Amino acid sequence: MSRLTPPLPKFLRPAPSRPERDGRPGRTGAPNGKPGEGAKPKRGKQLREGATEGSAKVVGYLDERTGASPFLRGFLYRKVPKGSSWFYTLGSATMFAFISQAVTGIFLAMYYVPDVNRAYDSVAHITHEVFLGELVRGMHRWGSTVMIILIFLHMARTFVFGAYKYPREIQWVIGVVLLVLTLAMGFSGYLLPFDQRSLWATVVGVNINASAPIMGPFIADFLRGGAEFNTATLARYYSLHMLLLPGLIGAMIGAHLYLVAKLGITAPPWLRADKKELAKEEI
Amino acid sequence: MAENRSPKNSAGKSPYTADRGMAGAFEGETVTRRRFMTTGALAAGGIASAAFALPALGFALGPLFEDGTNEAWQDVGAEDEFDPSSYVQRVINIVPDAGEAGKTTIYVRKFDDKQDMPSPSDEEQKLDPLPYVAMSTRCAHLGCPVRFYQAPKRFVCPCHGGVYNFQGIVDGGPPVRPLDRFYTRVRNGRVEVGERFSVNSELRRFKPRDPSQHLDGFWQYLYPARPST
Chain V
1 MSRLTPPLPK FLRPAPSRPE RDGRPGRTGA PNGKPGEGAK PKRGKQLREG
51 ATEGSAKVVG YLDERTGASP FLRGFLYRKV PKGSSWFYTL GSATMFAFIS
101 QAVTGIFLAM YYVPDVNRAY DSVAHITHEV FLGELVRGMH RWGSTVMIIL
151 IFLHMARTFV FGAYKYPREI QWVIGVVLLV LTLAMGFSGY LLPFDQRSLW
201 ATVVGVNINA SAPIMGPFIA DFLRGGAEFN TATLARYYSL HMLLLPGLIG
251 AMIGAHLYLV AKLGITAPPW LRADKKELAK EEI
Chain G
1 MAENRSPKNS AGKSPYTADR GMAGAFEGET VTRRRFMTTG ALAAGGIASA
51 AFALPALGFA LGPLFEDGTN EAWQDVGAED EFDPSSYVQR VINIVPDAGE
101 AGKTTIYVRK FDDKQDMPSP SDEEQKLDPL PYVAMSTRCA HLGCPVRFYQ
151 APKRFVCPCH GGVYNFQGIV DGGPPVRPLD RFYTRVRNGR VEVGERFSVN
201 SELRRFKPRD PSQHLDGFWQ YLYPARPST
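Chains as they are written, first to last, in my numbering: chain V, 1 to 283; chain G, 1 to 229.
Isolated chain V (complex conformation) (with noise of 0.2 Å):
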């Protein structure tokens, strides 16, 4: 098992025993003369020497007691194939893109209200008045349009390179749900600054809904929470967007990087199969 593991990086290691430490007089050190030029550079390696015990010693106690270690050395320091370019770092912007929004969300939240008859003039509040309120309303409503634009990239990525073969079909899949949840985000997010467009696109995207034969008109009172746009469909886009859909990304998204860690990631096409050893390279 420890040979398949890569080493562990140097500041992980156990330090070496320090002889000269012992016997030394403390950081307040330097009784004889001179103490403005000798102590200063002997204060900073101990501080420095203090520093990396002290946090080798916090790791070691964690590592002790959760055994994360073999795990975050398996997920951080993985091999990864030769020939593995910027084309493989869309799916970890996605996931930035995520977080960003995750992040700029929860901070919007503080001042919108999901109210039919506050929620523009809260977003206008946030625009307008709120400090830095329009950079960080601006990150989330561009983000979104980068998050989709990334998703849509990697996901080519995948599709050209082949890498949702075998054994990555599951993986394809729960991309798949994230795309269509990012999809479902995007469009509950269009609502809630409540102006005209947002109100009027919803209308229609609801009405689509509506055409599917069936089950179209339960899918459309579903949307709505009722017959015709009402109080409670605001209340029921800001629950789905905030709660359920960013809950269920999380999952599938942890679902998602624990296939990564476990599968490993495809070689790019054109990396010749029968010569695998030379494909391998550590990074």
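By construction, these hints were calculated from the structure, which means they are not laboratory data.
Bear in mind that the values here come from a model prediction, so they are computed numbers and not experimental data.
Incorrect hints may appear among the rest.
What follows is a set of in silico ranges between Cβ atoms, one per label pair, in the way DEER data are often shown [as the list claims (entries may be wrong)]: (1) V:G83 to G:K13: 53 to 63 Å; (2) V:S55 to G:S49: 39 to 49 Å; (3) V:A212 to G:G161: 17 to 27 Å.
For every residue, glycine included, the Cβ atom is placed at its ideal position computed from N, Cα and C.
Assemble the complex: chain V is given as a structure, and chain G must be docked to it using the hints.
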């Protein structure tokens, strides 16, 4: 205990716990206590989960079975404000308490025997036609608000180019059925507007449907009416 008095299962073991030499087994007992406890714990967990999941689901799905629209008759003006030749714009409240989003524009005019075709629903039930035509502005394509233009006597939708004639019947574009209407009546010389209804291309009345849902031919069976409780 070990005497062979019962049929054996596929593993060659007797279904009776007593036959398998289990301590404290009862006569005729076939379910081991471990299995009984496992099943019981799973059932209790299932009941506990259902106890909060089902009400929560019903809470979210409840509006599917409620109407929620304004059922009160709303005054839109005196009788002499409307005539058969043109529509008059009025604003009514279709969802109470929803602020601006609960209001909608409607177009009202007097019903006219000469130019209006009566609804087959009225003929079958031997009723007089509704005294006024109250046209909904909700486009039957995807629900954008249509506008009435007096010169061509057409309703036009800005979103995807749906066009309806003076009767609200589709003249062109993507809408699948005529514009919805509202019930009308006259009380004390005032015109009042009631609930929404949808119509098919013969102006037969149906319970209100969402835009994009067909009401003609075979297609009407694919879009069931909202269940009423």
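Hint check:
| no. | hint | verdict |
| --- | --- | --- |
| 1 | V:G83 to G:K13: 53 to 63 Å | holds, 58 Å |
| 2 | V:S55 to G:S49: 39 to 49 Å | holds, 44 Å |
| 3 | V:A212 to G:G161: 17 to 27 Å | holds, 22 Å |
Every hint from the earlier list agrees with this structure, and none is contradicted.
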